[in-house]
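There are 2 protein chains.
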Amino acid sequence: MELSLILGISILGLLFAVYLIRDVLRRDTGTPKMREISDAIKSGAEAFLRRQNRTILYLAVALAAIIYILYAFVRAANEHDPASPAQLALWTTLSFVLGALCSVAAGYMGMWVAIRSNIRTAAGATRDMNSALQPALRGGAVSGFFVVAMSLLGVAGLFGVVHATGVSPDVTKIPLLIVGYGFGASFVALFAQLGGGIYTKAADVGADLVGKVEAGIPEDDPRNPAVIADLVGDNVGDCAGRGADLFESTAAENIGAMILAAGLYRANTAVFEAQGLTILGVLLFPLVARAFGIIASMIGILAVKTTDQEDPMKALNRGYAITSVLAIIGFFVASRWLLGSEYYLNFFFCGMIGVLTAFAFVLITQYYTEYRYRPVKSIAEASQTGPATNIIAGIAVGMESTGYPILVIAAAIISAYFLGEHSGLQHAGLFGTAVATMGMLGTAAYILAMDTFGPITDNAGGIVEMSQQPKEIRDRTDRLDSVGNTTKALTKGYAVGSAALAAFLLFSAYIDEVKVYMPSFSGVINLNKPEVFVGSMLGAVLVFIFSSLAIKAVGRAAYSIINNVREQFKNNPGIMLGTAKPDYGQCVDIATKSALREMVIPGLLPVVVPVAVGVLFKWLYNASGQPVNGASGAEVVGGLLMVGTIVGILMALFLNNGGGAWDNAKKFIETGAYGGKRSDPHKASVVGDTVGDPFKDTAGPSLHVLIKLLSTITLVLAPLFI
Amino acid sequence: MELSLILGISILGLLFAVYLIRDVLRRDTGTPKMREISDAIKSGAEAFLRRQNRTILYLAVALAAIIYILYAFVRAANEHDPASPAQLALWTTLSFVLGALCSVAAGYMGMWVAIRSNIRTAAGATRDMNSALQPALRGGAVSGFFVVAMSLLGVAGLFGVVHATGVSPDVTKIPLLIVGYGFGASFVALFAQLGGGIYTKAADVGADLVGKVEAGIPEDDPRNPAVIADLVGDNVGDCAGRGADLFESTAAENIGAMILAAGLYRANTAVFEAQGLTILGVLLFPLVARAFGIIASMIGILAVKTTDQEDPMKALNRGYAITSVLAIIGFFVASRWLLGSEYYLNFFFCGMIGVLTAFAFVLITQYYTEYRYRPVKSIAEASQTGPATNIIAGIAVGMESTGYPILVIAAAIISAYFLGEHSGLQHAGLFGTAVATMGMLGTAAYILAMDTFGPITDNAGGIVEMSQQPKEIRDRTDRLDSVGNTTKALTKGYAVGSAALAAFLLFSAYIDEVKVYMPSFSGVINLNKPEVFVGSMLGAVLVFIFSSLAIKAVGRAAYSIINNVREQFKNNPGIMLGTAKPDYGQCVDIATKSALREMVIPGLLPVVVPVAVGVLFKWLYNASGQPVNGASGAEVVGGLLMVGTIVGILMALFLNNGGGAWDNAKKFIETGAYGGKRSDPHKASVVGDTVGDPFKDTAGPSLHVLIKLLSTITLVLAPLFI
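Residue numbers (the numbering used here), protein chains in the order written: chain D, 4 to 725; chain H, 4 to 725.
Nothing false has been slipped in among the hints.
If several chains are the same, the list does not tell them apart, and a pair holds so long as it fits within one copy or across any two.
List time: in silico DSBU-like cross-link candidates among lysine-lysine, alpha-carbon distance up to 35 Å:
id	residue 1	residue 2
1	LYS596	LYS380
2	LYS308	LYS36
3	LYS474	LYS317
4	LYS670	LYS584
5	LYS308	LYS380
6	LYS518	LYS621
7	LYS573	LYS380
8	LYS380	LYS474
9	LYS670	LYS680
10	LYS36	LYS474
11	LYS317	LYS45
To be clear, the hints were calculated from the coordinates, so they are not data collected in a lab.
Start from the sequences and build out the full structure, keeping to the hints where you can.
Printed below as a string of structure tokens:
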């Protein structure tokens, strides 16, 4: 019953996405000039994604083989295994492959529609605001529904198949067979976000530095040879990358919550049975709650309409409010139905905490990145004394911006834990924090629609600009573009917040999993053991090294683009005069090649390090005769995971908010403050904006994925450290 | 016997410092013009330090009163207390006050001599290199010996007095009565380093931005109204600040190591007694090892001589090698004597690990901050495409530079722990890591001499420049200045390394202390409890907020100086023409006032946060009926302390090395690379250098102190969280 409902709603979500695609595609595609530009973007983006997916799939196949070999041949069987070694190896590998394929597909679909929505948004802008807003939001929503529905369908489907085959006699152990799904999704997401993030910012930085700063031509000027690469970058970085990111967030969270639900059922079997609640109901509660969230998001999306007079942000906020209210109602129904009339209330409140946390994160992100408030203003003010003080102020703002989010997360974890502990069920504290995460991710489809809305409107603006449309139309797309910038920043705040909550859920799941395989494990990750302390240090330093590699990769790739643009300007003076057309393809090609080359090392790092640490410390522990006060490999990896997560969250907040604040400090000066455009403070603020680019669009978002990848890889490999 | 030896050597160290003072003071003070400049520096530095010490002492007196009240009236007596509540309150408060006073005195003495050595170094440079090198190194050594000898004298003296009064019948609990000494020292050190760091970089950034960048006059040009403030800053930031920092390092480490030695003795009483080893001998082993290190440093300092032909760095390295070899011999003697013939060898090897760790840190720091190597070169190369890419490259280098040091620390902790575990004694693993820390800090006096050497030669260079000496003399001070830059960078690497090792020692001491007061405490800091996870997040975010505040403080203070300099240039055009003298006093005064105002909030933050967290979670734990799976206040604070330390070390490495690399990338371009001085890449590199200033000289070094302050404050307040 529960399973059919989930599968049904997932399929409904996919059908809705197909409906949205048809709705977008039947719209007007504007003038031939517009189509020409849009086609250039389309072919660049598709070429990049094809090549990127090929690279990722090679890596994924190699990893799948390694996982299979490790499980089937290296690992010793354990009496607590959920299934026979052969079955365990088979299903773990299969679910990894399926997770990877679905993640690739979700990212690809999102982008496929986005690069077709941009031109329709541009064409719609020639008529009125509603005709521009709807294709942008609905195009973005395709990505949202594909991602959320497919991740749900994948997890529920795998669960159903494994359940039907009966390979695991103990139903509560089924989630352990499909943890590979989350890891497959994370693995793809990390490379998609890294590759896309490097591409987009290398193109952006390259285009800006030679175009705006050296040649003095405006943004999106068709004379800039890197302009198409820049527009392609918005799609591959923001649509495809973020899509893969949120695909894995929801997939990993679904599985993690099921593992915790299994633990809850084991600890409270008698109570649940007395209430007439089934094991399947409790296990599938997280998926049902997610399914109801999809329905809420559908209604929210369809409700968005606007007029030329209204601020488009208002229309989007209206849709979000409708989605949130419906999601809360759905959450109430799901918890009342599946968790029993006596115990559901505290968990419902946990879900509300999740919704409130999402809201708080959005508010804090606004405070730190919008120029109405003190932080961005302080950066603009510091620009008066040059680029150095602009940078110092921006770094200080970025570091400061970690404070409130951490307090909010701390309050959410503690209060959800206590609500769970006092729900009347045994050992329900961690499940309470898991439910808060579900509440936060309930509106994920709508949020993701708003997020992908950003690059679509950005592209539409570029198309309108490059096809030299009249000012009235440019004004419409400019307004939409600025709304898109806001939604992109807000959804980034939401993404970190949910990553932070989900991380706590995921490593609770890790502990539960280790306990299943090794019932003697106390569940303690004791920081006071030198091995665990060392593991924690390594987790923390991993974040720094990864960020360094990601940032450096952008620098190197941008450098290649800059050199190409300079060369084109030099060899063909007609470009600057407007008499000759630059060769856009060269920059697209260079960006593609550099991004794919540069993503491999930072992408493999978070895969290799936890494994190496786990294996090394397992060996050390066994070699010294498993001393009582020693730490097992699983415990050391636990420290790595937890402290790596904490530092990852802080670093992501620092990078995202710092980058966003620099960006808007520049925009604030462009409104006329401190001398306005072309003044010295403006030049200083452009330096800050450029520094912030790889922070907020490459390293920061990749860290969200890294945090969850650390969790999913340890979930998959935990049996090997034991 | 052991105690008299330690007290004797401490006093010998102080007498040696007095001998060095006399040696420096009897030297030639150069021309009247030189004296005029030196006097201006002297009066500025002394005025700042007087006002700063007044502010710090007010804060310290208030804190002493709070500590006394908390211990005497708020805290409930405990059967495991080392002494009666009244005695415990008295000695904790007294040792706090004494630690604070000694730290102030050590910082003041170091600076008092430094501002008298600079002129003598300048005057010596008019004759030959040796006459310049000796007063600089010996002046620096005064600081080194005062700091190390006074911290040893204070700890040993307090121990002796408490022992003699007999307030604690159990000798192994005496260290718990004097933990306040380390906290007093840390408290003063934090404000001294913060205030001095803000002063020096505000003056430096201010002087550079208006002088070098806007007005286009060289560094140390007498026309720049901020030039004297800049020279004063070197003294108050580097001499007084670093002196207080290392004072507290050695004091905290002495006490922490004694607490662990007490634990070791309790666990192995029978074995030690069978070997004829006394409790006093084991307890005082850390102090004896330190005392022998003082003698080694003395001989090393006296051995340094050079000629005009030799590279002065070589002479310093020769002295360091002599000191290291003697310190190792002393360590061997101390461990053989006090830890027994059967068990000493593994601990001696732990000490060697400490020496090797120090050496590795120096090498890694060189690699990341000298322009002979790839990292700095990559920043210089990135300067070709402007300030934005220079900044991006520098941040990437700073983040990358955290990798090897963490691997080294990890290897040191694990190997020293295993050597201790396999020494044949029970529970000796943590003591092994403590012994490695002692090994690392054995040469502290010599290292500190090299460190203070930096600002002295920097000042000497400024005096020679401003008094317009001939080129030959300027060349000598320039060579010394560049050696001083190197030693400053290296000693910063040494300081973080020792902070990292000492931190692990200190929180092992914290756990041991909590166990004494609450024998039921398991010693486990379980990251998997939500409270501990939240505490850890708060520890990590504390580092980010603190760094943000420190960096912002420099920005704000520099802004005031820039405005004053611009005003002076505008109101008195004669300054730029060289016909009128600028008013140096105004800038000195502004720097003083801003630094003192700005240091208070960041300085109080790391004091308030751990206390607030400890009290809040103690209340929460008690309010929910002390659940078995809940976390006590002591455990939550343990998480805060450990993760705060890990993040603090990483952030300090990032800030120090990033700043150092930017600085030398600029210097590399000044050697003629990429167009040399006044080229566009040079301008870009100046931006990076300016951004790096508050990183490497304010926030970074203050974080070293913060790490240890977190440890010492938790040591002092642990009894309150129980």
